[in-house]
Amino acid sequence: SQQGEEDPQALSIQEGENATMNCSYKTSINNLQWYRQNSGRGLVHLILIRSNEREKHSGRLRVTLDTSKKSSSLLITASRAADTASYFCATAGRTQGGSEKLVFGKGTKLTVNP
Amino acid sequence: ETGVTQTPRHLVMGMTNKKSLKCEQHLGHNAMYWYKQSAKKPLELMFVYNFKEQTENNSVPSRFSPECPNSSHLFLHLHTLQPEDSALYLCASSPTPGGYYEQYFGPGTRLTVT
Numbered sequence: 011s012q013q014g015e016e017d018p019q020a021l022s023i024q025e026g027e028n029a030t031m032n033c034s035y036k037t038s039i040n041n042l043q044w045y046r047q048n049s050g051r052g053l054v055h056l057i058l059i060r061s062n063e064r065e066k067h068s069g070r071l072r073v074t075l076d077t078s079k080k081s082s083s084l085l086i087t088a089s090r091a092a093d094t095a096s097y098f099c100a101t102a103g104r105t106q107g108g109s110e111k112l113v114f115g116k117g118t119k120l121t122v123n124p
Numbered sequence: 005e006t007g008v009t010q011t012p013r014h015l016v017m018g019m020t021n022k023k024s025l026k027c028e029q030h031l032g033h034n035a036m037y038w039y040k041q042s043a044k045k046p047l048e049l050m051f052v053y054n055f056k057e058q059t060e061n062n063s064v065p066s067r068f069s070p071e072c073p074n075s076s077h078l079f080l081h082l083h084t085l086q087p088e089d090s091a092l093y094l095c096a097s098s099p100t101p102g103g104y105y106e107q108y109f110g111p112g113t114r115l116t117v118t
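Going line by line, the protein sequences match chains A and B.
The letter at position 71 of the first sequence is residue 81 when you use the working numbering, and the numbering goes up by one with no holes.
The letter at position 73 of the second sequence is residue 77 when you use the working numbering, and the numbering goes up by one with no holes.
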C-alpha cells in the first residue's frame, strides 16, 4: 500500500544523543514528507523530499530517501527534550483511481530524557 | 500550526446534539482537508476541498457534513454522533490538493462524544 510504516513505534533516548526513525512503503511515490506532532496538537511539517532526491537537511534534521529500497530515514542530531513528540512519515503518490493523495503512517513516538 | 486556526479546541457533546467545527486558513491556499485522528490509528483523511468544491469523501458517515463557503473557511457539521467518533479532528490546507506540496495543519479540535 502507499501507507508508510514507521520503525520503531517508540524510541527513548538521552538528551544529546541522535535519534533515527525509519519509514518503509510499498508503492511508487512522488515525494515523502516528515511531520512532527506534539501531544494532542496539530502536525507540523518538517521536510519534503522528492523522489529524485536522495538526501535533505534542515537544521539538526537529516532525511534520506532510497527509492530502490522504498525506504526513508529521519535523523535528529544532538536531541533535546523539546524534540519529544510523535514523528510521522507521509507518502505522496497516485491512487488506483488516478488522484494524488498524501497518506500518513502510524508514527514513531520519540521521548528525549533530560 | 501557524496560519491555520481551528475552533473550538475542545468539544464535549451528547449523541443527540448538533455542533460545528470551524477551520480558517490565512495562507492563500486553494485546498483544505479534514482529518480524523484516533488513538493508535493512522491519520484518516475524511474530506478534501479544492476552490470550495469537494473533491474527495472517503466514505465518511453522513452524520459528518462538511461545508466550504470559500477557500479560506471550512466547517464540519456534526449531528447524532456515536461514542466511537470521539477523536482529534484536524484541519489542514495546502496550495493545491494532494501531496505535491506540504500540508499545514491547525491545532485540532478534541471531540468527546458522551
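By construction, these hints were calculated from the structure, which means they are not laboratory data.
Every residue gets a Cβ at the ideal spot worked out from N, C-alpha and C, and that includes glycine.
Keep in mind that the hints are not guaranteed to be accurate.
[What the hints assert, rightly or not] Partial list, computed: chain B residues near chain A (C-beta under 10 angstroms): (1) 12; (2) 16; (3) 17; (4) 39; (5) 41; (6) 49; (7) 52; (8) 55; (9) 60; (10) 61; (11) 72; (12) 79; (13) 98; (14) 105.
Evaluation of the provided hints:
| no. | hint | in the structure |
| --- | --- | --- |
| 1 | 12 | violated (14 angstroms) |
| 2 | 16 | violated (15 angstroms) |
| 3 | 17 | violated (18 angstroms) |
| 4 | 39 | holds (8 angstroms) |
| 5 | 41 | holds (9 angstroms) |
| 6 | 49 | holds (7 angstroms) |
| 7 | 52 | holds (9 angstroms) |
| 8 | 55 | violated (15 angstroms) |
| 9 | 60 | holds (7 angstroms) |
| 10 | 61 | violated (12 angstroms) |
| 11 | 72 | violated (18 angstroms) |
| 12 | 79 | violated (17 angstroms) |
| 13 | 98 | holds (8 angstroms) |
| 14 | 105 | holds (8 angstroms) |
In terms of the numbered hints stated before, the structure departs from hints 1, 2, 3, 8, 10, 11 and 12, listed from lowest to highest.
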